[in-house]
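Modelling step: build the complete structure from the supplied sequences, incorporating the hints.
Protein sequence lines correspond, in order, to chains A and B. When you number the first sequence by this note's numbering, it's gap-free, plus one each residue, and the end is 321. When you number the second sequence by this note's numbering, it's gap-free, plus one each residue, and the end is 266.
Keep in mind that the hints were calculated from the coordinates and are not lab data. Keep in mind that this is a model prediction, so the values were computed, not measured. Worth double-checking, as some hints may not be accurate.
Claimed, not checked - In the DSBU-like style, the derived pairs of lysine-lysine whose C-alpha atoms are separated by at most 35 Å in a straight line are:
no.: 1; chain 1: A; residue 1: K251; chain 2: A; residue 2: K10
no.: 2; chain 1: B; residue 1: K259; chain 2: A; residue 2: K17
no.: 3; chain 1: B; residue 1: K259; chain 2: A; residue 2: K10
no.: 4; chain 1: B; residue 1: K16; chain 2: A; residue 2: K132
no.: 5; chain 1: A; residue 1: K194; chain 2: A; residue 2: K35
no.: 6; chain 1: A; residue 1: K23; chain 2: B; residue 2: K259
no.: 7; chain 1: A; residue 1: K317; chain 2: A; residue 2: K251
no.: 8; chain 1: A; residue 1: K16; chain 2: B; residue 2: K259
no.: 9; chain 1: A; residue 1: K10; chain 2: A; residue 2: K23
no.: 10; chain 1: B; residue 1: K259; chain 2: A; residue 2: K18
no.: 11; chain 1: A; residue 1: K251; chain 2: A; residue 2: K194
no.: 12; chain 1: A; residue 1: K241; chain 2: A; residue 2: K35
no.: 13; chain 1: A; residue 1: K28; chain 2: B; residue 2: K5
no.: 14; chain 1: B; residue 1: K16; chain 2: A; residue 2: K35
no.: 15; chain 1: B; residue 1: K5; chain 2: A; residue 2: K132
no.: 16; chain 1: A; residue 1: K28; chain 2: A; residue 2: K18
no.: 17; chain 1: B; residue 1: K16; chain 2: A; residue 2: K186
no.: 18; chain 1: A; residue 1: K21; chain 2: B; residue 2: K259
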Amino acid sequence: MSYIEVNGLKKSFTVKKKREKGKLFREKQIVEALKGISFSVDRGELVGYIGPNGAGKSTTVKILSGILTPDGGEATVGGRVPWQERREYVRHIGVVFGQRSQLWWDVPIIDSFSLLKDIYRLSEADYSSRLKELSEALQLEELMRTPLRLLSLGQRMRAELCGSLLHRPELLFLDEPTIGLDAVSKLALRDFLKWENSEHGTTVMLTTHDMEDIAALCSRVMVLGHGRKLYDGKLPELLEKYDTVRTVNVKYDAAHPELVLPEGVSAEWNDSELSLSYSPSKLPTAQLLALLQDAGRISEMTLQPENIDHLIAAMYKEMDL
Amino acid sequence: MNTIKLYVRSMGMLMKSHMQYTSSFILQMLTQLVMEGGEMLAVILVVDRFEKVNQWTGGDLYFFFGMMSVSFYTTEIFARGITGDFPSMVRTGRLDTLMLRPRTIFFQVLCSGTDPRRITCIAVGVASLIIGSRMSGVEWSVLKALALTEAVLMSCMLILGLFLIEAIFSIHSVKSVELVNAITYGGRSACQYPTDIYPRPLKILFTVVAPFALTMQVPAAWILGKPLYGWPAWTAFVTPLSGAAVLALMIVLFNRGMKYYRSTGS
Chain A
1 MSYIEVNGLK
11 KSFTVKKKRE
21 KGKLFREKQI
31 VEALKGISFS
41 VDRGELVGYI
51 GPNGAGKSTT
61 VKILSGILTP
71 DGGEATVGGR
81 VPWQERREYV
91 RHIGVVFGQR
101 SQLWWDVPII
111 DSFSLLKDIY
121 RLSEADYSSR
131 LKELSEALQL
141 EELMRTPLRL
151 LSLGQRMRAE
161 LCGSLLHRPE
171 LLFLDEPTIG
181 LDAVSKLALR
191 DFLKWENSEH
201 GTTVMLTTHD
211 MEDIAALCSR
221 VMVLGHGRKL
231 YDGKLPELLE
241 KYDTVRTVNV
251 KYDAAHPELV
261 LPEGVSAEWN
271 DSELSLSYSP
281 SKLPTAQLLA
291 LLQDAGRISE
301 MTLQPENIDH
311 LIAAMYKEMD
321 L
Chain B
1 MNTIKLYVRS
11 MGMLMKSHMQ
21 YTSSFILQML
31 TQLVMEGGEM
41 LAVILVVDRF
51 EKVNQWTGGD
61 LYFFFGMMSV
71 SFYTTEIFAR
81 GITGDFPSMV
91 RTGRLDTLML
101 RPRTIFFQVL
111 CSGTDPRRIT
121 CIAVGVASLI
131 IGSRMSGVEW
141 SVLKALALTE
151 AVLMSCMLIL
161 GLFLIEAIFS
171 IHSVKSVELV
181 NAITYGGRSA
191 CQYPTDIYPR
201 PLKILFTVVA
211 PFALTMQVPA
221 AWILGKPLYG
231 WPAWTAFVTP
241 LSGAAVLALM
251 IVLFNRGMKY
261 YRSTGS
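Below is the structure:
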């Protein structure tokens, strides 16, 4: 049996609408956030969990972290059912919400950590060695005496990570951890997660909208839409399916060389510069290159795959999300 | 042991947070003093005008007022998480973060709020108790001191229990808490005076439904030597226990209510 086993998980919410004129009661609408999700994750895996807003990502994380009780289906993490015996279960997991702080706002972060030590009943020795390790890896030593509210977003996220890992959880949930972070902070965060995963074998489940996070971290990705699981596998394989458009920029020595392009290739001239997009499955790249070379002397050329976000957008569109 | 230590440390941390904004803190403390002083002034005016309300003299009325102030605001200092912050914790999703920790929700909510500004209100209450007992000529004994301590403690539990009703409502994101306010804040205002001056329905409300009369007034009246409703002396020690009973029942209901917590979107 895998570390995380999820079977047919269901959850729906009742949303009350605004009362219409002339009616006594407000109309209720039932929104199915999860329509029977199943998957399993092994110990030590780094899994990305993606999908458009409202797909049910956060609901899954909330159920698996013991906050919500599902309406149907089963889930076990390390043999425990998250929403039963919540207190025993949460000892073994850590959760970071990108949008929500778990530390105390107005006090130095070291005070928050030391209170967490008491909340989790950690021994002094265990706590101080873990704190030392984490503060080095997250470069928090300088910030320990600063109140949380005075930290930048990137620093705050590092502090949050430290707080959620002090009790050495086996499993770490990250709900949009890189939201709003600058490039340097993002890269540092990714490096840290890789380190924590390889050093301690911590299983990591990550929801995000940033495809770079997934590409950098996760060997496996699950796509969720309308409460259903649509894809479960490796990221490159997923992208291959939707990697249908490529962009080429060519610059010729002379202006406007004669060039006849086959149908289905859109091209735009700007003096001696040409930018075109084509689909490698319809027109082999070699054939296109030959055509371009025949037209004149090329001084510069770039060929790039479509931006990863566009691919995902294309995929969501095809999956009708 | 660990639990008590954690509570004390959490409170210390919250105090530290309050002290980050010192001038605002002091100003608000003074505001509280003026407000609670105003409440007391109302009683003073009543006493000045009527001298006696039924069997109760001015000193008795100050004593009852003091009982309520001390109990109510002590609860607000030590359990602000329940009496004030809980609905917003549900709305903003802060409750989610508490659910991720290996402690009971009730305890964590208790640890997550204090209102130290209320200390001035308690000062007014204590002053009122002292003035009242002097004016009414109370002869203090160990037994009476014990009765007073029990009454304040049990009244705090009762008030906490009543505020838990509001908390239970807000778990289900029901915003109509005004009905509950009628017995919490309404109870505070009404039961500053002994309940036997009120018409029957109110008497029943504050003796049976929200039993302020049982937890604070029966013992207070016994201390003053004028038993409430003419009940015997032993009731002064037994009826206050209803406060603990209400709190215990509400904690059970609160825990059951948490099973239906549905969190907010993110």
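Here's how the hints hold up against the structure:
1. The straight-line distance between the Cα atoms of K251 of chain A and K10 of chain A is roughly 55 Å, outside the 35 Å bound, and the hint therefore fails.
2. Our distance criterion of 35 Å between C-alpha atoms is met by K259 of chain B and K17 of chain A, whose separation comes to about 24 Å.
3. Distance hint between K259 of chain B and K10 of chain A is fulfilled; the C-alpha atoms sit about 16 Å from each other, no more than 35 Å.
4. Taking the CA atoms of K16 of chain B and K132 of chain A, the gap is about 25 Å. The hint holds against a cut of 35 Å.
5. A threshold of 35 Å between alpha carbons decides the hint, and for K194 of chain A with K35 of chain A the separation of about 32 Å falls inside it, so the pair holds.
6. In summary, the hint linking K23 of chain A to K259 of chain B is supported, as the alpha carbons are separated by about 31 Å, within the 35 Å threshold.
7. With a C-alpha separation of about 33 Å, the suggested pairing of K317 of chain A with K251 of chain A holds against the 35 Å cut-off.
8. Straight-line distance between C-alpha atoms of K16 of chain A and K259 of chain B comes to about 20 Å, which keeps the hinted pair within the 35 Å bound.
9. Pair hint K10 of chain A plus K23 of chain A holds up; C-alpha atoms about 31 Å apart against a cutoff of 35 Å.
10. For a cut-off of 35 Å, the pair hint linking K259 of chain B to K18 of chain A stands: about 26 Å separates their Cα positions.
11. Among the hinted pairs, K251 of chain A with K194 of chain A is inconsistent with the structure: their alpha-carbon atoms are about 41 Å apart, more than 35 Å.
12. Between K241 of chain A and K35 of chain A, the direct Cα distance comes to roughly 25 Å. Compliance with the 35 Å bound is thereby established for this hinted pair.
13. For the proposed pair K28 of chain A and K5 of chain B, the alpha carbon gap of about 46 Å is over 35 Å, so the pair is violated.
14. Taken as a hint, the K16 of chain B and K35 of chain A pair is broken in the structure, with Cα atoms around 46 Å apart against an allowance of 35 Å.
15. Only pairs whose Cα atoms come within 35 Å are accepted, and K5 of chain B paired with K132 of chain A is accepted, the gap being roughly 24 Å.
16. In summary, the hint linking K28 of chain A to K18 of chain A is supported, as the alpha carbons are separated by about 9 Å, within the 35 Å threshold.
17. Of the pairs offered as hints, the one joining K16 of chain B and K186 of chain A holds, with about 32 Å between alpha carbons and a cut-off of 35 Å not exceeded.
18. Taking the CA atoms of K21 of chain A and K259 of chain B, the gap is about 34 Å. The hint holds against a cut of 35 Å.
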